[in-house]
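Engineer: Please arrange chain W on chain G, whose structure you already have, making use of the hints.
Okay, here's what each chain looks like letter by letter:
Protein chains: 2
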Amino acid sequence: MSNRRGLLFVVSAPSGAGKTTLVERLVGQLTGLTISRSYTSRAAREGEIDGVDYNFVTRERFEAMAADGEFLEWADVFGNLYGTSALDTDRLLESGLDAVLVIDVQGARAVRRRGMETTAIFVMPPSMEVLERRLRGRSKDSEAAIKERLRVARQEVASYAEYDFVVVNDELTPTLDGLRSIILAERARLVRMRGEAEKIARTFV
Amino acid sequence: MSNRRGLLFVVSAPSGAGKTTLVERLVGQLTGLTISRSYTSRAAREGEIDGVDYNFVTRERFEAMAADGEFLEWADVFGNLYGTSALDTDRLLESGLDAVLVIDVQGARAVRRRGMETTAIFVMPPSMEVLERRLRGRSKDSEAAIKERLRVARQEVASYAEYDFVVVNDELTPTLDGLRSIILAERARLVRMRGEAEKIARTFV
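Quick mapping for you: the protein sequence lines, in order, are chains G and W. Okay, so the first sequence: first residue is 0 according to numbering that gives the first Met the number 0, each after it adds one. Okay, so the second sequence: first residue is 0 according to numbering that gives the first Met the number 0, each after it adds one.
Think of the hints as simulated: they come from the structure by calculation, not from any bench. You may find that some hints are simply not true.
[Unchecked claim] Here are the simulated DSBU-like pairs of lysine-lysine, each with C-alpha atoms no more than 30 Å apart in a straight line:
{"id": "1", "chain 1": "W", "residue 1": "Lys139", "chain 2": "G", "residue 2": "Lys198"}
{"id": "2", "chain 1": "W", "residue 1": "Lys198", "chain 2": "G", "residue 2": "Lys146"}
{"id": "3", "chain 1": "W", "residue 1": "Lys146", "chain 2": "G", "residue 2": "Lys139"}
{"id": "4", "chain 1": "W", "residue 1": "Lys146", "chain 2": "G", "residue 2": "Lys198"}
[As the list claims (entries may be wrong)] Ranges of calculated distance between the beta carbons of each label pair, as one might list FRET restraints:
{"id": "5", "chain 1": "G", "residue 1": "Val76", "chain 2": "W", "residue 2": "Ser94", "range": "39 to 49 Å"}
{"id": "6", "chain 1": "W", "residue 1": "Thr30", "chain 2": "G", "residue 2": "Glu93", "range": "35 to 45 Å"}
{"id": "7", "chain 1": "W", "residue 1": "Arg90", "chain 2": "G", "residue 2": "Gly50", "range": "31 to 41 Å"}
[To be verified] If you want a taste of the chain G side facing chain W, the calculated C-beta under 10 Å gives, among others:
{"id": "8", "residue": "Thr20"}
{"id": "9", "residue": "Ile34"}
{"id": "10", "residue": "Arg153"}
{"id": "11", "residue": "Leu178"}
{"id": "12", "residue": "Arg191"}
{"id": "13", "residue": "Ala196"}
{"id": "14", "residue": "Phe203"}
From the three backbone atoms N, C-alpha and C, an ideal C-beta is built for every residue, glycine too.
Next comes chain G alone, as it looks inside the complex (with noise of 0.2 Å):
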């Protein structure tokens, strides 16, 4: 895997779709991918790590980062500021990493434009109604803030057609299974395995 750049997975969803618990998990199951981990300008929640769940930055620090183009791609999220920083991710991937970018539509359209070939896969929840039981049930959130939320889910889910794949989350298992066989299959691509596969018909000869 060494002299292999790894590839790149951007993993997009609605709010409340459940992408980060199935992206930690996919990441546990699955030896040689990684979160690219993301820079944001928020406070720390309770129980967050800096350098573990976010790198935790001042938005100052934030914005002159952005001003830099140093993010391969960034956005305000209900007035959070997140960002993937394009050094990191291309570090991982020098390293023969396959690295996974958890970001929204906006944030996958920016990758594209930056022409960074991309494994694009859109996490759909069952339903609208599926969605609004989900964020409820979490109940952190203010009437006003689920309201917003579903109404960014709207946005984002017509732009399903934009990706490569689409996995509906309705139980966690079979999800878990669908994102890890896009990735296993990805990884199985003649364009991937062309230098082992070589070094196989080298043996017939």
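Structural biologist: Structure of chain W alone, referenced to chain G:
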């Protein structure tokens, strides 16, 4: 699934790579996936059942079918004729099932020449040494037959680059997992998920 035409998978592997066991287990693991049963002119072996393992036909009948263009592909394998019925395969796909054809490199080419959309997977042994050991381990074949199989394997392995995916058949479980992932990933492609995704998106409006 009913309105949707099934996906057609092609699996090729040198003889002795274990493709029959692999594909049978694969079909056992995944609902909605079936093998398009081949026709053959050879006599049924001990334990083989007509209409289950193969459709056994006389050489005359087989040749008449071939002359009428009824085969998607057919081949002479070590003196016996094997073929895939175009009509049988089309019926499977029309019913919404995904179908796997277990065919050789020549057969895969013939299917492609007919302009059929396929996902083609090449299963490779980890090396010629391993393949040779496996062939000898089965110990059904004479030395001359083993040599002939290795000669054919050499030609087939050289054609891996005509396939979309390459899976190295080292251990059974990860190989099976690799094949299964490719099937599940193809099912999650945008083109296949568009109907379902559109239905979900409509619940958000």
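Engineer: Among the hints numbered above, which are violated by the structure, and what are their numbers in rising order?
Structural biologist: Violated hints (numbers, rising): 3, 7, 8, 9; every other hint is consistent with the structure.
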